[in-house]
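Novice: Below are the chains, spelled out letter by letter.
Number of protein chains: 2
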Amino acid sequence: MKQPIERLYSQHTAIMKHSFIREILKVTKGVPGMISFAGGLPSPDSFPRELLARLFSQVILEEGADVLQYGASDGDRFFKQALKAFEEVPYLSDEEIMITVGSTNGIYYFTRTLIDPGDTIVCEAPGFPGSVTAMESCGARLAGIEMDELGMIPDQLRDTLRGLHDRKAAVKFIYVIPEFQNPSGRTMDLNRRREIIAIAAEFGIPILEDQPYRELRYSGERILTLWELARTEFDDPQLVTIAKSFSKILGPGLRLGFAAGPPEMIGPMVKWAQKTTVSPDCATQRVAARFIEAGHMRRHIDWIIDLYRPRRDAMLNALADCMPDGVTWTQPEGGMFVWVTLPPEINADDLFERAIQHKVAFIPGSKFYPAGIVRTNELRLNFSYSDEKLIREGVSRLAGLL
Amino acid sequence: MKQPIERLYSQHTAIMKHSFIREILKVTKGVPGMISFAGGLPSPDSFPRELLARLFSQVILEEGADVLQYGASDGDRFFKQALKAFEEVPYLSDEEIMITVGSTNGIYYFTRTLIDPGDTIVCEAPGFPGSVTAMESCGARLAGIEMDELGMIPDQLRDTLRGLHDRKAAVKFIYVIPEFQNPSGRTMDLNRRREIIAIAAEFGIPILEDQPYRELRYSGERILTLWELARTEFDDPQLVTIAKSFSKILGPGLRLGFAAGPPEMIGPMVKWAQKTTVSPDCATQRVAARFIEAGHMRRHIDWIIDLYRPRRDAMLNALADCMPDGVTWTQPEGGMFVWVTLPPEINADDLFERAIQHKVAFIPGSKFYPAGIVRTNELRLNFSYSDEKLIREGVSRLAGLL
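Residue numbers (our numbering), protein chains in the order written: chain A, 965 to 1366; chain B, 965 to 1366.
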């Protein structure tokens, strides 16, 4: 290698971006006294350690010959079975569901299945950078649709799809987080979901529904997923594929998620998985299966909700108590994030620099927009990681800087 | 979705092939009385269940707050540390090593880092289809180099590289399994390794060294890896990246492997991992770290060697005892496979159909060649999965069909 190896990089490798969020997390991690609302981390108190320790030991001793061996690329059959029962979709065939190495992994395979370089994905703006960079790494262009309090704005979605269609752009799918969205905390109501599905059906564009936070609802009524609506009300089972994660309800370190959708999508996604990871961790999958079968999951989720609800309330109350006039924020019914809008003259990227001097951290809103949309007066606050006392103190510090 | 979703598939998805080997394994799996030499499975007897059960329980109880949380995309720092000690490369920086979801995952990221559709990878013929399909899924073309008893033939490698260079093909890397190769069981000696490295250096083409079986040596002397040779004798640390697997020494269900190479390769590979899986299973990584730190790994490998050596010997002896004149086979010093060459008039694909009727299975050699090379009188036999008695009986059945 007399010549530098970089000359051999593929086109995507050569242009691959740094993750700004990872840089921010590095700056804020491990600083004594720092109150961080920056990450998207679940609280370590939410991990069911005793139960998992017991189940891992049991599964490996009793089922080790099976779970330490190579497993199916579409996932452990016991886990799929348990999952179908837990999700109350027992009628689903094994060809309509696959287990993934966390839900980003499913989003990656979905993208890999449909995207050629230059193809377009329509997404929310602001949106989740983890998914966006996974999509961009496959060569996708992102077209951002702005949001109101109920999520993606239907008229703007329709106009954008029409414009892309007229320009002969290859639009491959629509990506949404309809519940407690990351970063905005917003939730699409039932009508908004119907509107988005109707537009997708009209243009013949499938939807990827990302639902990492769905189980973490602290108030309001549970709403049918786009995936359920498309299958039932719209009688269109090909239209929506859903991705869910166990990161927020078991522990992200276990890297478990799943995707459910039509066999025409799940089939090729499994083939991509064969070539990329062969399969998720088989022992961990079986442990999750036994966890669900023993009835722990529902109880454990209720326990996490009881842990996080007071944290959300503490943050919303602290914002109401401390923030000056002209600052507004979303009222999330679940999930992990509140989205704050500052007066237009305040730049949240500048505020971030001052905030970390004062030992409070957040992610500036500008990091959540795709290229072409510039918004500098917003920020994302996480309320799942810190306890109520720290939340009140952190919001107070932040308000003091405005 | 009035129109079929298949119309939206990316180009690679549309042409993605079925795995013939997976089809074969399906046909042979669970058939009563079937003796299968087809798979590449470790014996379940080789899984250290008691130790793993204890360590999983311990790690999750004591370190759960850490290992159930999101972890670094390049891998758990304790596991990297333990691995460097075990591999006797304590001088390696953390930027030169990453943990992967099995070694195929590392091979995928290496390919993703370098390959644009249409680029060329030079590989052994016969070669490992799992890697080949991962490479083809990134759009790579494979140029197969034939092998003699010592692996890839240097003259043919040089001629092929020269020809590709003259045709202005973008050759991105050379892929080899230098030890107990899958499928042939062959091992490159030290001189052959030097020759291959010298040619790669001459053309400025990096090498991906796949070493899934390295720890499983039953006879002969351990040989320096290409990776070590390039760093030391050739003073060229950018030239070789090595991928290793824990599938054969701990259990493939745990999905653990690692890649070590220059930061210029490991860095972008980690970025691809961020977008594809975020990280490997963090609990499993920590368990593997504690397994190594406690000194179990070397003892456990010795135990597996004592399990597999008699199986290899049983297979080689049975072949010598049963096979008619004109049949030859390799003498693997380790690993899991023997490669059998039949008289030219015998078609191993036809033989396979008759063999499964007689309840013995193997993989026909034709499945291991890239497009352009047709060889129909070879077959691969696995000796790690069945015990000595079954091996003798299976080889005898097979010989009876010749």
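Please note: incorrect hints may appear among the correct ones.
Since the list gives no way to pick out one identical chain from another, each pair is judged satisfied if it fits inside one copy or across any two copies.
To be verified - Calculated cross-link-like contacts (lysine to any residue; reagent style SDA-like; alpha-carbon spacing at most 25 Å):
hint	residue 1	residue 2
1	K1048	F984
2	K1048	R1339
3	K1331	P1274
4	K981	K993
5	K981	G1290
6	K1132	H976
7	K981	A1363
8	K1323	A1029
9	K1353	E1113
10	K1331	T1097
11	K990	D1199
12	K981	G1103
13	K990	P1118
14	K1353	Q1033
15	K1353	Y1182
16	K981	Q1120
17	K1132	P1081
18	K1323	I1117
19	K1132	I1265
20	K981	D1080
21	K1132	D1270
22	K993	A1029
23	K993	Q1175
24	K1132	Q975
25	K1353	R1105
26	K1331	I1187
27	K993	E1026
Simulated from the structure, these hints should not be mistaken for laboratory data.
Novice: So, for every hint listed, does it hold in this structure?
Specialist: Cross-check of the supplied hints:
In this homomeric assembly, K1048 and F984 never come within 25 Å of each other (Cα to Cα): the closest approach is 37 Å inside a single copy and 30 Å across copies. Neither within a single protomer nor between protomers do K1048 and R1339 lie at most 25 Å apart by alpha-carbon distance, with minima of 41 Å and 46 Å respectively. For the identical chains of this complex, K1331 and P1274 are neighbours neither inside a copy (28 Å) nor across copies (60 Å), given an alpha-carbon limit of 25 Å. In this assembly of identical chains, K981 and K993 lie within 25 Å of each other by CA distance solely inside one copy; the values are 21 Å within and 45 Å between copies.
Taking the closest pair of Cα atoms, K981 and G1290 never come within 25 Å of each other, the shortest separation being 34 Å inside a single copy and 58 Å across copies. For the homomeric pair K1132 and H976, the shortest alpha-carbon distances inside one copy (24 Å) and between copies (21 Å) are both at most 25 Å. Proximity of K981 to A1363 under the C-alpha cut-off of 25 Å is found in neither arrangement, the shortest distances being 32 Å within a copy and 58 Å between copies. With identical chains, the CA atoms of K1323 and A1029 are at most 25 Å apart between copies only, with a shortest distance of 23 Å across copies and 50 Å within one.
For a Cα distance limit of 25 Å, the shortest separation of K1353 from E1113 qualifies neither inside one copy, at 28 Å, nor across copies, at 70 Å. Only within a single protomer do K1331 and T1097 lie at most 25 Å apart by alpha-carbon distance; the minimum there is 12 Å, versus 36 Å between protomers. Taking the closest pair of Cα atoms, K990 and D1199 never come within 25 Å of each other, the shortest separation being 47 Å inside a single copy and 34 Å across copies. Within a single copy, K981 and G1103 get their C-alpha atoms as close as 13 Å, and across copies as close as 22 Å, so both meet the 25 Å cut-off.
Neither within a single protomer nor between protomers do K990 and P1118 lie at most 25 Å apart by alpha-carbon distance, with minima of 37 Å and 47 Å respectively. For the homomeric pair K1353 and Q1033, the shortest alpha-carbon distance between copies (22 Å) is at most 25 Å, but the shortest distance inside one copy (47 Å) is not. Proximity of K1353 and Y1182 under a CA criterion of 25 Å is satisfied intra-copy only: 19 Å inside one chain copy versus 61 Å between copies. Taking the closest pair of Cα atoms, K981 and Q1120 never come within 25 Å of each other, the shortest separation being 28 Å inside a single copy and 39 Å across copies.
Taking the closest pair of Cα atoms, K1132 and P1081 come within 25 Å of each other both inside a single copy (15 Å) and across two copies (23 Å). In this assembly of identical chains, the alpha carbons of K1323 and I1117 never lie at most 25 Å apart, being 36 Å within a copy and 62 Å across copies at closest. Taking the shortest Cα distances, K1132 and I1265 never come within 25 Å of each other, neither inside one copy (45 Å) nor across copies (58 Å). Taking the shortest Cα distances, K981 and D1080 sit within 25 Å of each other both inside one copy (19 Å) and across copies (18 Å).
Taking CA atoms no more than 25 Å apart as the test, K1132 paired with D1270 passes in neither setting, with 49 Å inside one copy and 64 Å between copies. Taking the shortest Cα distances, K993 and A1029 sit within 25 Å of each other only across copies (16 Å), while inside one copy they are farther apart (40 Å). Proximity of K993 to Q1175 under the C-alpha cut-off of 25 Å is found in neither arrangement, the shortest distances being 27 Å within a copy and 36 Å between copies. Proximity of K1132 and Q975 under a CA criterion of 25 Å is satisfied in both settings, with 24 Å inside one chain copy and 18 Å between copies.
With identical chains, the CA atoms of K1353 and R1105 are never at most 25 Å apart, being 42 Å at best within one copy and 59 Å at best between copies. For the identical chains of this complex, K1331 and I1187 are neighbours neither inside a copy (29 Å) nor across copies (50 Å), given an alpha-carbon limit of 25 Å. Taking the shortest Cα distances, K993 and E1026 sit within 25 Å of each other only across copies (22 Å), while inside one copy they are farther apart (40 Å).
Consistency with the previously given hints fails for numbers 1, 2, 3, 5, 7, 9, 11, 13, 16, 18, 19, 21, 23, 25 and 26, ordered from lowest to highest.
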